[in-house]
Amino acid sequence: MTELTLSELENNDDFIGRHIGPRDGEKAAMLKSLGYDEMASFIADVVPASIFEAESMALAGAQTEYATLARMRAIADQNVVKKSLIGMGYYNTITPPVVQRNVLENPAWYTAYTPYQAEISQGRLEAILNFQTIVKDLTGMEIANASLLDEGTAAAEAMTMAQRVSRSKATQFFVSESCLPQTIAVIQTRAKPLGITIVVGDHRSDLIAEDCFGALFQYPAVDGSIGDFREAIAALQANKGLAIMATDLLALTLLTPPGELGADIVVGNSQRFGVPLGYGGPHAAFMATADKHKRSMPGRLIGISVDSAGDSALRMALQTREQHIRREKATSNVCTAQALLAVMASFYAVFHGPEGLKRIAQRVHRQTSLLAKAVQTLGFTLHAETFFDTLTINTGDKTAALHSAARDAGFNLREIDSSTLGLSLDETITRDDLCELVAVFAQGQDIECDLDEIVASGLPGDFSRTSDFLTHPVFQRYRSETEIMRYMRLLADKDLALDRAMIPLGSCTMKLNAAVEMMPVTWDSFGKLHPFVPLDQAQGYQTLIKELEAMLCVCTGYDNVSLQPNAGSQGEYAGLLAIQGYHHSRGDDQRTVCLIPSSAHGTNPASAVMAGLKVVLVECDASGNVDLADLQAKCELHSEQLSSIMITYPSTHGVFEEQVREVCGMVHDHGGQVYIDGANMNAQVGLCAPGHFGGDVSHLNLHKTFCIPHGGGGPGVGPIGVLAHLAPFLPGYAVVDADDAPAVTGPVSAAPWGSASILPITWAYIALMGSEGLTEATRTAILSANYMATRLAPHYPVLYTGRKGFVAHECIIDLRGIKDACGVTVDDVAKRLIDYGFHAPTMSFPVAGTLMIEPTESESLQEIDRFCDAMISIREEIQEIEDSKIEHAQSALHHAPHTLKVVTSDTWDRLYSREQAAYPVPSLYKNKYWPSVGRVDNVHGDRHLICSCPPVSDYE
Amino acid sequence: MNKTLVITVLATDRPGIVNTLSEILVEHNANWIDSRMANLADKFAGLVQVVVPEDQLEGLKKKLQALHLADNQLNILMEEATAQDNTEQRELSLELIGADRPGIIDDITSTLTKLNVNINQLETEQREASMSSEILFYANMTLGLSPAISNDDVQDALEALQDQLMVDINFSE
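Residue numbers (my numbering), protein chains in the order written: chain A, 10 to 965; chain B, 11 to 183.
It is possible that part of the hints are untrue.
Below, a list of computed lysine-lysine pairs in the DSBU-like style, where the Cα atoms sit at most 30 Å apart [to be verified]:
# : chain 1 : residue 1 : chain 2 : residue 2
1 : B       : K124      : A       : K249
2 : A       : K92       : A       : K41
3 : B       : K124      : A       : K301
4 : A       : K303      : B       : K72
5 : A       : K91       : A       : K407
6 : B       : K124      : A       : K338
7 : B       : K124      : A       : K178
Okay, the calculated bits of chain B under chain A, using three or more residues with CB under 8 Å as the criterion [to be verified]:
#  : region
8  : 66-78
9  : 137-150
10 : 167-176
No lab work stands behind these hints: they were computed from the structure. Here the structure is a predicted model, which is why all the values come from computation and not from measurement. Just so you know, even glycine gets a beta-carbon here, dropped at the ideal spot from N, CA and C.
The task is simple: from the sequences and hints, build the whole structure.
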């Protein structure tokens, strides 16, 4: 018997086989089916030699889950968790334990994809519909969307929305100086490339209505005061301008909602509804508006429709607003938003109900009133007479000492200047906290802390809320934990997420989100930090951030990374701003043309327009690659004005374009910069690096390649990597003063490091896999995609292939011929796949009438084969229609997906059997997923648009 | 005096249709002013506006009529028209996107007719939406507006349709 070494027994590589699906023997069989004996020669034939890098990445070796958690714990322990009363849009909150355990920590919720396939997403669609209803009710508006990325960008989106909607010709946008400072900073960054002039000032004296197409007010203001904006709003609207109010959901349980004050658009952050601070995110921001403006509202929108049986069904409505349809005409590039966090906030409201929320608000306000009285008794004056939860106190020369005493007592107060400080109270404040705070301000003076005394309210009488909210039964019904737990389970069971089956969505990279990667996210030492705490309290995060930036530089070949953007779309935007900052610094302000292949993801042209660029499309040749002749012509035509090209690599067609170095070279020769969209990075990590083969900047999708779960439509993280010459132009930081902060471009997100609390997930993935594990993951992803393409090719045409007929990590199968021959559509195949227990691949992107399939490295050979078997079985069903054995309109394909209700009905008048409908292959008897609704009628949904919880009568 | 003739051609598509037509026009000294041509479901469909000297008009019409009768794969219609004086009208170009459904064009065109708006050009297309494969309706139209109608009136009227159409106004003269 050969003895194993201690090293081998330690098995540090264990996690690699947990993350990667196919076993070694299976990989060998898959390679054999492609004609190869070993992986290296296969990869050498797929990845172009001109970009392939044989050397391993300079990353540490793989670590066990146990060792990784220990290292993560050591990092987290470097954070100091105090109670932060800094406010400024971020407040301590109590995540109801039932929400934490059953939603945030539940893979059924966090491994789901964006609900494009409505039939298999009714659970999260309902939770988000609840979210929309909550926002709509509390803000007093007519329609609310399914979340935005953060309050700062939501306000910026409101500004560009106002510009589209307003019939005013003015080019100024007014921002009240009492808005959150990070919001003001993000808006200023957003306005600059669009030629919008931002005026910041006092709305009573500095707002000239005729000159503005819109204005933003904060209610309550950052200093806590509750302002009266009605006159300013009226003046604005009389001049065709739009009024935008940024607000606080908890305050709105007690205050007159913006809808009743004349607001046209309302934005804010739902973080304090049970979502942890997370050092800045992720949080679900919200936007609400009037029904007549809905076409211009960014973000996703959930609406009610009916299914094929006439039963109520939810779906994403009005997709014609979004970037994947509107492309360069889109006014917003938002794609991934903050779905999981919106779901959490919606359950918080379901958990507490309107009376519970009001009670929390009243308690917070009472505590603030008591504290206000105490500090005034101690001789301090308040900045404002009105307040909800925030006090701005004139503390004169005692300011520094008070901050210090507060920190010693375990609190961070808001540092405003040398003679003023602020504090915001929240749901977590106890009686002890209050007395300690009073003692801090007392500084040794004797003062009684009588928490039961009667104090004057700080809320202005004429803004006291009279209207009801959350009257829908869903906010009353689930009050016992048993009831809400079962409601959460009921909704989760309706959805098909990665915890049940492969989600082979091309370009989405739905890979394993391992439990070990998720665990640190809910640790207090990561979750309880306010984004604006003093940096010395966030050393754990700072260490993690620096290490992660370095890891991502190694993976991409770039020199610097910014983790600030909250989604791939935001990364694209930040990357283009960096490019423009670079051109500007060289006096090249005329460089405003951005070349984009016609096959690009919709966010590319949408982001380019947001960055003030003019989009010029570049054609693809017959093989689906960038047409070099067309590129050359366009480079020459626009040479003086050329800013950049945005390419995706491997292409959105799933091919390693051989000529990528030439493409980059051509653009560089004409003075342009190269942006490489990193959505398809899963085919590159460890084999080639965009920073080495011509990219100047790329964004990454950490929620694709790097294991952050998709959450049902967010959170995402879209960091950008840049070569050194672009580093000075990375996004700056709002509020936080850091020595190494970039100093040219403004911030693109409200928090400097974006959704910091989910960065541990990617850090952990990279640490667990190590250099060789990551590279093997990439190889396996490419192998699995090619194996699938080979199994499917005899049945469906594979649209584009590269050298030697191989694809990269995804393949496109063409269904257009089938549609022409017998009318079966992409939709039919996608819906029939549901009957087989699968989420459909990506539909009609980048080519209409096709399906794009990406297995990722995490899927086992069994699951991959199960999918191929399903597609082949479907092809046989299609053949029956082509052979006229059954008409398309009578077929299982046309009637898919089949619900349990339909299949068990006493009436069955179909020309195929119930068995054929529900169990087309025998393996389904062991594991059957039932969609909760039949095919959803999209036309009906857009024609009768309802975007909040329906009246009770619909349930009866 | 010149006369304006609008000719429509519908034929099973094959090479040479346009050429056949233009030869006849040249024979009669007719000027090809404006046209639209499309291949729809393998049929050639064309609209041509020509200006022809008055003395050649009857000859041209007879020749086209003969062609129509001789070839049963080719249908030609023609009508005399007065050259329009559109100087009063303003051109508005816009794009529409919405969920496709039967009757959508009917609703759009009757809405515009109610406003007394001329539809000068209309191109429509059905396309599968990316990601969800819903069938979307795309329309590009150029409208002739009298001074009494504003761009806003047109946009409001179209947006009032229940289909939640996205209306993008591209330009107006």
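Each hint tested on the structure:
1. B:K124 x A:K249: Holds: K124 of chain B and K249 of chain A sit about 27 Å apart, inside 30 Å.
2. A:K92 x A:K41: Not OK: K92 of chain A and K41 of chain A at ~59 Å, beyond 30 Å, violated.
3. B:K124 x A:K301: Judged against 30 Å, a Cα distance of about 22 Å means the pair holds.
4. A:K303 x B:K72: The hint is violated at about 56 Å.
5. A:K91 x A:K407: 21 Å, holds
6. B:K124 x A:K338: 29 Å, holds
7. B:K124 x A:K178: 28 Å, holds
8. 66-78: With 0 residues closer than 8 Å to chain A, the region 66-78 of chain B misses the three-residue bar; violated.
9. 137-150: holds (count 9)
10. 167-176: holds (count 6)
Violated hints for the displayed structure, listed by number in ascending order: 2, 4, 8.
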